[in-house]
Amino acid sequence: MTDPERISKRSSGLAAQLLRAGGEEQPSENSVEKALVALGVSSAVMTTSAAGAAAAGGAKLTKAVSFTLLAKWVGIGVVGGVGLASVAAVATSPAAAPVTPPSASIVTKPRLAAPAKATPAPVEPTSVEAEPAPAEAAPAPPASPHVSIIEPVTSAAPALEVGAPLAAEVAYVDRARALVASGQASQGLALLGGYEREFPEARLLPEVLFLELQTFDQLGRTAEARAAAKRLVDGFPKSPHASRARRLLFP
Amino acid sequence: MAAEAAALDEPEMSAERLSAERPSSERVARLVREHYRFVWRLLRRLGLGEGDADDAAQQVFLAASGRLRTVEPARERSFLYGVALNVGARARRSLGRRREESLEAAGEREAREPNAEQVLERREARALLDQLLDEMPEDLRVVFVLFELEELSTPEIAEVCAIPVGTAASRLRRAREDFEERVARAEARRRFAGVAK
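Residue numbers (the numbering used here), protein chains in the order written: chain A, 61 to 311; chain B, 37 to 233.
Bound-form chain B, shown alone:
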């Protein structure tokens, strides 16, 4: 599945081929309605800003629609996630510089954020979540997001990422440990910042 999705790295194809391989518009429309929100959210948690996630999500469906005929309906979601991982990775590479700048901004934001005991506003919570995810190794981050946020099972993650199930399980275990450590450190920093004020 991931190999099939990886083939979509080059979305260009002739108009004739596009036309010949294009699935029915009803199916594409249904695909967008059913999965757009999940794809968009996945792209956000993989490090894209809201506007960039809009563009990238369009790119995902544009690329996926060219190969949809070869995908069974039951496998659409994992197929789309595979495409989204490729598109997201490419978008992040091109946004590298902007991302560094946003990380600096997030660091400044964190210093102003309330103590852990206080209820976090959702937007602030998402900013911190994105910062912590940004700091994780890429292979762990992908597995973690797919499991914790998109609620895929380990076998589904293995299929999307084209890795053995055992490897997916091992990465997931390490990713959860990594994330919890980062959260604990962030919590400690907040407490320290609260005391120092």
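Here chain A stands alone, though its shape is the one from the complex:
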């Protein structure tokens, strides 16, 4: 059986014109990157190659290669040259240091009443002691080359300005995810808790809420997991993660 010639291959005609236009449409780079983050695999691209770079010669080179990869998969076409310059400036900052959690115990904020995308409301912090509290100078998280290129964010760090590159948000969320995955859930949650303060635009908020939800759930902190789930469902009802969040909210 031979397939007929495709209409779009014809040299002229409205039908061919329409089909060619349809075939040329592309999603934004931002859309692809958000999918990688939502699936929790945006770091997979960078981790593999960055590990190779580390073997080839030292942390400085690792940073450079990591940045190249970050630019390739996250920055180019998404945030533009200005954004990349910002990331580069941060990446090469001599102030880069291991993550330090805000305090010895995890500090979380009640989130149910907070708007989906807003400056964090001033609420009373609640101490949670679900895990052994880290020492005051917490140990650095395990090396994850791709996350080391962004300056660490502490509770005292000023918020990044509106319009910060999406790449920085991706790296921040990846770092939190890596901490959680390596068993340092409290530090991961501390980072996630500071996400909206650091990035007022909060373009990855659905992903952050889902990661919080999963982490709280795994720790058995049901009330907080449900709070994150409710916020996700209320704020982002069409998010791919919303149905799983609903299941947690209404088992």
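Simulated from the structure, these hints should not be mistaken for laboratory data. One or more of the hints may lead you astray.
[As the list claims (entries may be wrong)] Cross-link-like lysine to any residue pairs, in silico, SDA-like; alpha carbons within 20 angstroms at most:
| # | chain 1 | residue 1 | chain 2 | residue 2 |
| --- | --- | --- | --- | --- |
| 1 | A | 69 | B | 212 |
| 2 | A | 69 | B | 162 |
| 3 | A | 69 | B | 213 |
| 4 | A | 298 | A | 309 |
| 5 | A | 69 | B | 161 |
| 6 | A | 298 | A | 90 |
| 7 | A | 298 | B | 126 |
| 8 | A | 298 | A | 282 |
| 9 | A | 298 | B | 85 |
[Stated by the list, open to error] Derived coverage of chain A by chain B (criterion: at least 3 residues anywhere in the stretch with Cβ under 8 angstroms from a Cβ of chain B; other residues may be distant):
| # | stretch |
| --- | --- |
| 10 | 63-69 |
| 11 | 254-264 |
| 12 | 295-303 |
For glycine and all other residues, C-beta sits at the position ideal for the given N, C-alpha and C.
Given the structure of chain A, go ahead and fit chain B onto it with the hints provided.
The following block gives chain B in isolation, referenced to the frame of chain A:
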């Protein structure tokens, strides 16, 4: 393949099961990089708006990653298309009302569009294409989009849609006739609109 993809209609599963069945993150990342654009475009031509296609495409990969271990690399694309057809159909059902409204808007747009002799802007061309596809019967539309836009062969379409190859070929023939008739009518309406102005 379609049956396997249809099983993904219920994307929920326990965290333990998810963890046990999750393929390597490198494979999922590669899958997204290689196929996201095709999946997204397929969802667009199946009737979803740009923002809805973003959400639905994420849903496709989220659902697919749970079953990826059972899929041979050579069959990833048709597997993903099968999942995309299910996710797209579900999304369209939930967007039914919005879609009707957009069709009305498209009708108004068409009245303002230039003559067929004039070169169409790509965005306008895509709007008209989507309108014509929206009017096609669903079974014909799916086969038509997979063949004409995604350039799948008839046997590949048969696999994705879980239908015999002969049925796929027959639907494709009818779909092409249907589409060309609709284009001819649209062209005639444009000419008429041009004369009436």
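Going through the hints against the structure:
Restraint check for residue 69 of chain A and residue 212 of chain B: satisfied, since their Cα atoms lie roughly 14 angstroms apart, inside the 20 angstroms limit. Only pairs whose Cα atoms come within 20 angstroms are accepted, and residue 69 of chain A paired with residue 162 of chain B is accepted, the gap being roughly 17 angstroms. Taken as a hint, the residue 69 of chain A and residue 213 of chain B pair is honoured in the structure, with Cα atoms around 16 angstroms apart against an allowance of 20 angstroms. Straight-line distance between C-alpha atoms of residue 298 of chain A and residue 309 of chain A comes to about 16 angstroms, which keeps the hinted pair within the 20 angstroms bound.
Between residue 69 of chain A and residue 161 of chain B the CA atoms are separated by roughly 16 angstroms; this keeps the pair inside 20 angstroms, and the hint holds. At roughly 18 angstroms between alpha-carbon atoms, residue 298 of chain A and residue 90 of chain A fall within 20 angstroms of each other, so this suggested pair holds. Restraint check for residue 298 of chain A and residue 126 of chain B: satisfied, since their Cα atoms lie roughly 12 angstroms apart, inside the 20 angstroms limit. Straight-line distance between C-alpha atoms of residue 298 of chain A and residue 282 of chain A comes to about 23 angstroms, which puts the hinted pair past the 20 angstroms bound.
At most 20 angstroms may separate the alpha-carbon atoms for a hinted pair to count; residue 298 of chain A and residue 85 of chain B meet this at roughly 13 angstroms. For a cut-off of 8 angstroms, the count of residues in the stretch 63-69 of chain A with a CB near a CB of chain B stands at 5, and the three-residue condition holds. Only residues whose beta carbon comes within less than 8 angstroms of a beta carbon in chain B count, and the stretch 254-264 of chain A has 0; fewer than three means the coverage is violated. Coverage of a stretch by a chain is defined here by at least three residues with a beta carbon nearer than 8 angstroms to that chain's beta carbons; for the stretch 295-303 of chain A and chain B the count is 5, and the condition holds.
Hint check: violations occur at hints 8 and 11; the rest are consistent with the structure.
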